[in-house]
Amino acid sequence: MLLHDYLAQAAARNPAGAAVVDPGVGSVTYAELDAMSDTLCALLQARGVQRGDRVGVVLHKSVDSVASIYGILKAGAAYVPVDADGPMTRAGLILRDSGVRALFAEAKLMGELDGQLSEMAQAPAVFALEQVGAGAGLAPFLSEAEGLSRQAVEHAEQDLAYMLYTSGSTGRPKGAMITHANSSSFVDWAHGVIEPSEKDAFSAHAPFHFDLSILDLYVSCKSAAKLVIIGEGVGRQAGALGEVMEQEGISIWYSAPTILRMLVEGGELDRRELPALRTVIFAGEVYPIDAFRELMARLPKRAFFNFYGPTETNVCTYYRVPDPLDPEVEALPIGKVCENLGGLVVDLDDKPVKDGEEGELWITGPNVMQGYFQLEERNAIAFQTGPDGKRYYRTGDLVVEREDGELDFRGRRDRMVKRRGYRVELGEIEACLNRHPEIAAAAVTAHQHAEKGLFVAAHMEHVDGGKLSGIKLRKYCAEHLPPYMIPDAFRFMEALPQTSTHKIDYQRLAAAEAERSK
Amino acid sequence: MPDTKEIHNKIKEFIVDELLGGEDADELEGDTELVRTGILDSVSTLRVVAFIEGEWDMEIETHEANLDNLGSLDAMTKLVESKL
Chain A
4 MLLHDYLAQA
14 AARNPAGAAV
24 VDPGVGSVTY
34 AELDAMSDTL
44 CALLQARGVQ
54 RGDRVGVVLH
64 KSVDSVASIY
74 GILKAGAAYV
84 PVDADGPMTR
94 AGLILRDSGV
104 RALFAEAKLM
114 GELDGQLSEM
124 AQAPAVFALE
134 QVGAGAGLAP
144 FLSEAEGLSR
154 QAVEHAEQDL
164 AYMLYTSGST
174 GRPKGAMITH
184 ANSSSFVDWA
194 HGVIEPSEKD
204 AFSAHAPFHF
214 DLSILDLYVS
224 CKSAAKLVII
234 GEGVGRQAGA
244 LGEVMEQEGI
254 SIWYSAPTIL
264 RMLVEGGELD
274 RRELPALRTV
284 IFAGEVYPID
294 AFRELMARLP
304 KRAFFNFYGP
314 TETNVCTYYR
324 VPDPLDPEVE
334 ALPIGKVCEN
344 LGGLVVDLDD
354 KPVKDGEEGE
364 LWITGPNVMQ
374 GYFQLEERNA
384 IAFQTGPDGK
394 RYYRTGDLVV
404 EREDGELDFR
414 GRRDRMVKRR
424 GYRVELGEIE
434 ACLNRHPEIA
444 AAAVTAHQHA
454 EKGLFVAAHM
464 EHVDGGKLSG
474 IKLRKYCAEH
484 LPPYMIPDAF
494 RFMEALPQTS
504 THKIDYQRLA
514 AAEAERSK
Chain B
70 MPDTKEIHNK
80 IKEFIVDELL
90 GGEDADELEG
100 DTELVRTGIL
110 DSVSTLRVVA
120 FIEGEWDMEI
130 ETHEANLDNL
140 GSLDAMTKLV
150 ESKL
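Going line by line, the protein sequences match chains A and B.
All the letters of the first sequence, read from the start, carry residue numbers 4 to 521 under this note's numbering.
All the letters of the second sequence, read from the start, carry residue numbers 70 to 153 under this note's numbering.
Just chain A, same shape as in the assembly (with noise of 0.2 Å):
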């Protein structure tokens, strides 16, 4: 199945029915969203724009960046997805890296775009939007198109769809290369177990770039359902998104635990009732028990979902809540892997374990993405021939097989963390702090804080011994990293200590952190 498919589907079976709504400010029905879709085609192709290619977006959720998006997938090119909000330096890493062909972009962004792109060997045909939300902001493109119709494209489900670049541990983002065949696998499953109908309305809160918004933006899609934008700034406060779930009545509500707690905590599972709500489905992090046990009570009766899955394989196991839930019960597990899918959870030495043995759980099936972009090496370690001679992914998580089968998530093999519902490589916020020509050296850790939730502290030697204020390092940080990167605290040492082998010695920093925080 092609992704763009579901449109052209939902368009012939409920062309009048709302695809995209943008709160306050405007939506577009699945016939209007196909018709912009296929003239952003015909556009993109006009430009040079070709199967293979890659396509930059650089937009926050609106109707207009769900256009693109599919006027790229129908022109047989893959979408790059680039946080609007992040930094525009590692915008540029990735859109570079990517070598896109085009580039929507919201033109305030262009002034700094500009010189992160002239760089490139092939300067991409930059589609500069003056602004974003029901489809305006494509007005002047689609005008622009008129006249132009858009070829036949002979697609493959084995073109990429798109692209998401997930953090590095070398301080380099790197692209995973998801193809059509491997996303619609995870839509339809998502589908099977979700059982949407035209009737319901998604959240889409995630942002484009993360993974979550995959669920979002086709399930939505593929049943003719209605798909609302939660902005940003929405997202982010409990009062304005308690008031948009209740005014565009979703019935399917899919984000990061954090952003449930903050419904909870800002006391708006207390003031509306949510009647149209029937499924809450979270990932991303360990929903803390307590405080799903406060979500629980506040919304009775609806099913909740765990669902667990690196950005590589897409969402691979899932656990739907029994309700009620044993008062005994310590931890969600993750649950079962996907029917869809196979896994495997092996020891240090790639062997299986034993029963309810902990190990590095392995995943295979349609899901699993093709590898990072042009890097084969990252791709002979990401990869793995299990005893069955199946090609496996190493998500790098330790998981152990409770007796009833359902999966326990124990943390990751590597330095690799989950904060406000993203990956972080430690190792990549090491790398920006390293750059610094102040900071001799920098180790970061992470350890659970009982009110904050993960704490990450970065550990520095200043280059003569000095200091340097937090506040700086902060405003350096957010030149090059995302918020949700920056860390909690910085301290300055004299020297960081080492193991007997000469390394960072990590135990111990992480310990006196975490005994800081007591």
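Calculated directly from the structure, the hints in this document are not laboratory data.
Any given hint could turn out to be false.
What the hints assert, rightly or not - Across the chosen pairs, the derived CB separations fall in these ranges: (1) A:A294 x B:K152: 30 to 40 Å; (2) B:D95 x A:E360: 50 to 60 Å; (3) B:G123 x A:A383: 24 to 34 Å; (4) B:E150 x A:K475: 39 to 49 Å; (5) B:S151 x A:R405: 25 to 35 Å; (6) B:G99 x A:G29: 30 to 40 Å.
Glycine is no exception: its CB is placed at the ideal position from the N, C-alpha and C atoms.
Assemble the complex: chain A is given as a structure, and chain B must be docked to it using the hints.
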């Protein structure tokens, strides 16, 4: 009525003490971007709003709780002044 400086300093004190662990009060300037620099996230924003509401006995409406009004110390000060 409190003057601009007093409001500014009270909010600053709260942010420095509660969110920055007492560090670097001098470097936190009126126009420092609080969200981009990771000082404010969804949960800490709620705490700042609750502090402002309690301190000056006012209610911050949902539509006011946005980046324009809460993105920096200067913006927060302006919001409080406009509601006194």
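Hint-by-hint comparison with the structure:
For A294 of chain A and K152 of chain B, the hinted distance range of 30 to 40 Å is satisfied, since their beta carbons lie about 32 Å from each other. Between D95 of chain B and E360 of chain A the CB atoms are about 53 Å apart, so this pair conforms to the stated range of 50 to 60 Å. A hinted range of 24 to 34 Å for the beta carbons of G123 of chain B and A383 of chain A is inconsistent with their spacing of about 57 Å. In this structure, E150 of chain B and K475 of chain A break the distance hint of 39 to 49 Å, their C-beta atoms being roughly 29 Å apart.
Range check, S151 of chain B to R405 of chain A: about 56 Å between beta-carbon atoms, so the 25 to 35 Å window is missed. In this structure the supplied range 30 to 40 Å holds for G99 of chain B paired with G29 of chain A, their Cβ-Cβ distance being about 36 Å.
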